[in-house]
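A.B. asks: Residues per chain, in single letters:
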Amino acid sequence: MKRGRLLIILSIILVLSLSLTSAGLFSDFWGRITGKATEGATALNITVGNSDPTIPFVQAISATDPSIGTTKSITFNFTAQDTDGASNLNDSTAAAYFQRAGEATRSNTSCTANTAVGNQKNYTCTIDMWYFDQNGAWTINATIKDINSAYGENSTTTFTYNLQTAMTMSPTTLGWPSIGLTDTDIGSTDDPITINNSGNDVNLNINTIALDLQGETTTTQYIFANNFTVGDTNQGCGGTAMVNDTSTNVTSAILQRGNNSLNYNNATSGQEQIFFCLKGVLPGISAQSYSSAALGAWTVEIVT
Amino acid sequence: MGKNIIAVALLSLFIIPLILSAGVANSYWDDNPLKLAPGESTTISLRLQNEEEEQITMETSIDSQIASLVDGNEYDVPPNRVSVPVYIDVEIPEDAEIGTEYMILVSFKQVSSGEGGMLRLSQGITGKVPVEVVGEQESELYGEPGEGSNFVWVIITILLLITLFSVSAIRKRKRKE
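First to last, the sequence lines map onto chains A and B. Every letter in the first sequence is one number past the one before it in numbering that gives the first Met the number 0, and letter 255, counting from 1, is 254. Every letter in the second sequence is one number past the one before it in numbering that gives the first Met the number 0, and letter 104, counting from 1, is 103.
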């Protein structure tokens, strides 16, 4: 009987205390006793886990030849992965860069997204390399962000950009005004000959191979190759005398690589200008036309 | 009228390009020589390009004691930067010392008549292929399939056949027992 009453009383106390506590009376009571705040506004930062995207695969690029005087498009794929799902990848941030110390970075900041498979997506990028970009190993840097701007990158692979020794030359003929037998130091009316380095080779020497010019009417008469000089300054009359059928270096004319379209006519734009000069003719040759038609064209060559 | 026709005909004979443009691509340069071991040989290529709108012909010559042209010395190069390979056989002497450096000089000269002006110009390019004699493991050919690896495959095949015969023989004995 006593046990039954005790249980009933304890149950009533428990029910009352629970209801008082849930109503906040107890906490208020505690606050009044201790003076401590029982409630207040608190800023909460709740971080929902976001995994950074990764780029587990970058397609190998085989060694590539430059294209003379223009760009060479290189297309390759990379795979991006996001453990939060491929839909978490921000396609518009897929980009790729070709990098090499001391060189301008070549890039494609709008690589094309392909179909997703699982939590991976493949991207296709095309990057243009210029003819004057340095030969050697270039780092392939593929990057992407997810929709939370978390960043993933892979720059572990390289590709080789080959050496291109190339030239573009204009004009391709030389003419002289009518000259008298006693005239000397006459520059060509087509000077200068502009030579562009349309590849990426450097420190190229410029040589010329001259041949005697034969008379077109009296074919036994010639203006000899060594009557001509070639140089890299105006008229070229102070330049090097040429030797028949022999490669002759144009002193101090050196071609460097550069962007020809700058058209500075110097090393920065990868250009050189050379001048041909007729020093004079042998006394006694007849007045007639002399040309390269019989013995062949002269050669302007670049030498690594 | 007759005079005019002759003049035009003469002009058309002498139409010449205003620009000459050609190039040679190369996989080897001073900092990246072709590395071969003594006695090894390989075939490399240089690639000719022509930026002009018409085909050109390049006459090729090689200056080297260890290299020779594979396909003769004249190459037609089509327009618009189509690459034309020029194959070169390279053979390192058996007695070459490791560390020896060779330089293969390859010259290309455009075949061109001298007609078309008082003095016509053509273009030429001289490229080089540096070669370094190295130990076998440093060689570019190291690990590539060759005669040696064929021998290894023959040995492996023989061993596999012996194993198969042995297994079948053991099975037959067990069946008889």
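Because the hints were derived from the structure by calculation, they are not lab data. Some hints could be false.
Claimed, not checked - Cut-off 25 Å, straight-line C-alpha distance, at most; resulting in silico cross-link-like pairs (DMTMM-like, lysine to aspartate or glutamate):
id	chain 1	residue 1	chain 2	residue 2
1	A	Lys-71	B	Glu-51
2	A	Lys-71	B	Asp-30
3	B	Lys-108	B	Glu-137
4	A	Lys-71	B	Asp-75
5	A	Lys-71	B	Asp-29
6	B	Lys-34	B	Asp-88
7	B	Lys-34	B	Glu-137
8	A	Lys-144	A	Asp-184
9	B	Lys-171	B	Glu-137
10	B	Lys-108	A	Asp-211
11	B	Lys-108	A	Asp-244
12	A	Lys-71	B	Glu-53
13	B	Lys-108	B	Asp-70
14	A	Lys-278	B	Glu-52
15	B	Lys-108	A	Asp-182
16	B	Lys-34	B	Asp-75
17	B	Lys-108	A	Asp-190
18	B	Lys-34	B	Glu-114
19	A	Lys-71	B	Asp-62
20	B	Lys-108	B	Glu-39
21	B	Lys-108	A	Asp-231
22	A	Lys-278	A	Asp-189
23	A	Lys-278	A	Asp-182
To be verified - Covered, in the sense of this in silico footprint (three residues per stretch, anywhere, with C-beta under 8 Å from a C-beta of chain B), are these stretches of chain A:
id	region
24	154-165
25	292-301
Cβ coordinates follow ideal geometry from the N, Cα and C atoms, glycine included.
A.B. asks: Determine for every hint whether it applies to the structure shown.
C.D. replies: Against the structure, the hints come out as follows:
| no. | hint | verdict |
| --- | --- | --- |
| 1 | A/Lys-71 x B/Glu-51 | holds (17 Å) |
| 2 | A/Lys-71 x B/Asp-30 | holds (23 Å) |
| 3 | B/Lys-108 x B/Glu-137 | violated (35 Å) |
| 4 | A/Lys-71 x B/Asp-75 | holds (22 Å) |
| 5 | A/Lys-71 x B/Asp-29 | holds (23 Å) |
| 6 | B/Lys-34 x B/Asp-88 | holds (14 Å) |
| 7 | B/Lys-34 x B/Glu-137 | holds (7 Å) |
| 8 | A/Lys-144 x A/Asp-184 | violated (67 Å) |
| 9 | B/Lys-171 x B/Glu-137 | violated (51 Å) |
| 10 | B/Lys-108 x A/Asp-211 | holds (18 Å) |
| 11 | B/Lys-108 x A/Asp-244 | holds (13 Å) |
| 12 | A/Lys-71 x B/Glu-53 | holds (21 Å) |
| 13 | B/Lys-108 x B/Asp-70 | holds (16 Å) |
| 14 | A/Lys-278 x B/Glu-52 | violated (36 Å) |
| 15 | B/Lys-108 x A/Asp-182 | violated (33 Å) |
| 16 | B/Lys-34 x B/Asp-75 | violated (30 Å) |
| 17 | B/Lys-108 x A/Asp-190 | holds (22 Å) |
| 18 | B/Lys-34 x B/Glu-114 | violated (44 Å) |
| 19 | A/Lys-71 x B/Asp-62 | violated (31 Å) |
| 20 | B/Lys-108 x B/Glu-39 | violated (30 Å) |
| 21 | B/Lys-108 x A/Asp-231 | holds (22 Å) |
| 22 | A/Lys-278 x A/Asp-189 | holds (16 Å) |
| 23 | A/Lys-278 x A/Asp-182 | holds (8 Å) |
| 24 | 154-165 | holds (count 6) |
| 25 | 292-301 | holds (count 10) |
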